[in-house]
Amino acid sequence: MDGEMNDRVPGWEPRIVAFLCNWCSYAGADSAGVGRLQYPAAVRVIRVPCAGRINPFFILSAFQKGADGVLVSGCHPGDCHYISGNYSARRKFALLKGLLEHIGIEEGRLQFTWVSASEGERFASVIDTVTEKVLALGPARRMEKRYT
Amino acid sequence: MTDCTARIREETARLLAEGRVDLVIGFEEGSLPLRATPCFITEPGDTGRLIWNAFCSNNLARYLIRSDRKVGIVAKGCDTRAIVELIKEKQVRREDVVIIGVPCHGMVDPHEVRERFGDIRIQTVEDTGGKLVAGDGTALLSMNREDALHRSCRVCVQRNPVISDVLVGEEVEERTRDEFTDVADFASRSAGERWEYIAGEMSRCIRCNACRNACPLCYCSKCFVDETRPQWVGRGTDPSDVLSFHLMRVLHLAGRCVECGACVRACPMGVDLGTLNRRMSADVARMFGCRPGLDPGKPAPLSTFDPDDPQDFMLEP
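Protein chains in written order, with our numbering: chain A, 1 to 148; chain B, 1001 to 1317.
Keep in mind the hints are simulated off the structure, nothing from the lab.
The beta carbon of each residue, even a glycine, is placed where N, CA and C say it ideally should be.
Be aware that one or more of the hints could be misleading.
[Said to hold, decoys possible] Simulated crosslink set (DSBU-like; lysine-lysine; CA at most 35 Å straight-line):
1) K1090(B) <-> K1298(B)
2) K145(A) <-> K1222(B)
3) K65(A) <-> K1222(B)
4) K1070(B) <-> K1298(B)
5) K1131(B) <-> K1298(B)
6) K1222(B) <-> K1131(B)
[What the hints assert, rightly or not] Partial selection, computed: residues in chain B whose CB lies under 7 Å from chain A:
7) I1163
8) V1166
9) L1167
10) R1194
11) W1195
12) I1198
13) V1225
14) R1229
15) W1232
16) S1244
17) H1252
18) P1299
19) F1305
20) F1313
21) M1314
[What the hints assert, rightly or not] Ranges between beta-carbon positions, derived for each pair:
22) G1289(B) <-> R53(A): 39 to 49 Å
23) K65(A) <-> E1126(B): 34 to 44 Å
24) R1235(B) <-> G108(A): 49 to 59 Å
25) E107(A) <-> C1208(B): 47 to 57 Å
26) K1298(B) <-> I83(A): 44 to 54 Å
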């Protein structure tokens, strides 16, 4: 792998944007909080009505604005509040993830998962895993917009 | 090819004379050698302008969008694939188009010809049985036609029209299935190498939007690129914005791109847009079993879903 990718900047802390579906994953994050579960503070949550609401551009935009990783989480297949939002989203995400990896955005920068409202523990462990991966990759520089 | 020209002229004259169409879209001789230009014929007397040769590469389906007339169109395999998608997306009514289908041997890239013949000032190019013979008035040089094809034509698996009302010329033999070996080759490089390559290509983009304007499936009357509220993507040539633009362009064409290569040919800077489009097409084919433009009855892959869609890309699904 190339050098730039793993350049450690002193004091660098990963910033991970998490798009969470209102009905499942956001409530899952809540239940992790209520259960007093510990997970890394690297994640910044954005609540969305449904995984299907997420325009791929939101994700690109997060990377442009300096996110080191992006997590998208919705309801488990079959559990969508809007019946099929997560199924439609899954197709979009599969294509987006493939495309980003194809152009050389490192595998692990962008993650998708399902977390239900009752899975507080799963939410905490997902955040652990994602943060670990992003920590190993280091700061994301490739798509970041540099204002000069 | 000259046979095709005569037949295209004949059919055009007939369609116009019978009043079946108001207009026929085809190709005429370009103002430079190695070029053919789209032309619009409304009078039966003008059919002499129409030609068919190795340089009729534009995707004419582009001109069907928002047309309120009955239109005849000269269409290769890729043009008909685009028409199929446009009909599916209700941008074109089947009954308003008369398709003059032309089986295609692949279109020739003028850059390849110039590169090969380098020094001579090409004035004429003859296309005879698998050979291209170029002349500058004194000397004649020849090359294999197959070596000069556009990149999109080299991987094309639907060279005969998918749909047509009149078929002009002999059907050509289709190539075997597209295995996306080019995509796999690129994917086998390291992430760093892939990034270097893509960033290098993107650095040449001048954001002229020619790729968007040439694309037969980019027909939104207001494109996300032109939006200012919200401004989806910054203007100008900031590398991050350029990349975002191209990624979004490809994502908007996901499951719709018919791989005609119009975007690549339109690019004045020679940016390799194909690498992005091909990956998308490969994924759409592999995951959703869909080749856009080939199946008029099948819904667009992103407007539908299957509960059993692959999700191995997800974190602990």
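For each hint, the structure was consulted:
no.	hint	in the structure
1	K1090(B) <-> K1298(B)	14 Å, holds
2	K145(A) <-> K1222(B)	25 Å, holds
3	K65(A) <-> K1222(B)	25 Å, holds
4	K1070(B) <-> K1298(B)	26 Å, holds
5	K1131(B) <-> K1298(B)	38 Å, violated
6	K1222(B) <-> K1131(B)	44 Å, violated
7	I1163	27 Å, violated
8	V1166	37 Å, violated
9	L1167	35 Å, violated
10	R1194	4 Å, holds
11	W1195	3 Å, holds
12	I1198	4 Å, holds
13	V1225	11 Å, violated
14	R1229	14 Å, violated
15	W1232	6 Å, holds
16	S1244	5 Å, holds
17	H1252	9 Å, violated
18	P1299	12 Å, violated
19	F1305	4 Å, holds
20	F1313	5 Å, holds
21	M1314	5 Å, holds
22	G1289(B) <-> R53(A): 39 to 49 Å	27 Å, violated
23	K65(A) <-> E1126(B): 34 to 44 Å	56 Å, violated
24	R1235(B) <-> G108(A): 49 to 59 Å	31 Å, violated
25	E107(A) <-> C1208(B): 47 to 57 Å	33 Å, violated
26	K1298(B) <-> I83(A): 44 to 54 Å	22 Å, violated
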